[in-house]
Amino acid sequence: LTAILGACELASRSIGDEERVRRMLDGIRNSAQRGAGLTKQLLAFARAQPLEMKTIDVRAFLADVTTLLRPSIRSNIELVIEMSDHVWNIEADPGALELVLLNLAFNARDAMKDGGRLKISAVNELLKGKPDGLRGEHVALRVADTGEGMTRETMERVFEPFFTTKNFGDGTGL
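Residue numbers (this note's numbering): 838 to 1011.
These are computed hints drawn from the structure, not numbers from a lab.
Watch out, some of these pointers could steer you wrong.
Pair ranges (Cβ atoms, derived) [what the hints assert, rightly or not]:
no., residue 1, residue 2, range
1, 970, 991, 45 to 51 angstroms
2, 956, 856, 40 to 46 angstroms
3, 950, 859, 33 to 39 angstroms
4, 908, 963, 16 to 22 angstroms
The beta-carbon is built from N, C-alpha and C at its ideal position, and this holds for glycine as well.
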């Protein structure tokens, strides 16, 4: 994909003002960029891409994610960010966490065709091992929306790698 993107850039520089060819090259470039993004997601899902754990200031991180989300969701969707005053820092891969939050938000947007409310919250929690065995201090990040919800069939498959309900060309749904 890098070779395709480089060739598009070189071809764009050499064609001058030929608008039709430029539009075609832009289409190729956009497709290659989408493919690169999808490849990155697939590698992350396959665990072939190592996670780069860092200390993350949750308050600053969510402010940055909000900046990315606002232009990407429709104006008829209210975006609400809630967090406790002293939310703890977390250890996570910032790119992977951002990707998860953005994909959840985009799926929520698509589920709220007539508008609604998308809420992202962060709260400190002391876990005691139930139900999943986690113990100690954690930050719970929650994403909730007022969309149509999932069918029973979708719920049964939702954690399958690469499962999507989206039509071809409507995003990955990952």
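Results of checking the hints against the structure:
A C-beta distance of roughly 27 angstroms is found between residue 970 and residue 991, which places it outside the suggested range of 45 to 51 angstroms. Distance hint check for residue 956 and residue 856: the Cβ-Cβ separation is about 44 angstroms, which falls inside the suggested range of 40 to 46 angstroms. Between residue 950 and residue 859 the beta carbon distance is about 34 angstroms. The supplied range of 33 to 39 angstroms therefore holds. For the pair residue 908 and residue 963, the beta carbons lie near 37 angstroms from each other, so the given range of 16 to 22 angstroms is not met.
Figure legend: structure checked against the earlier numbered hints; hints not met, in rising order: 1 and 4.
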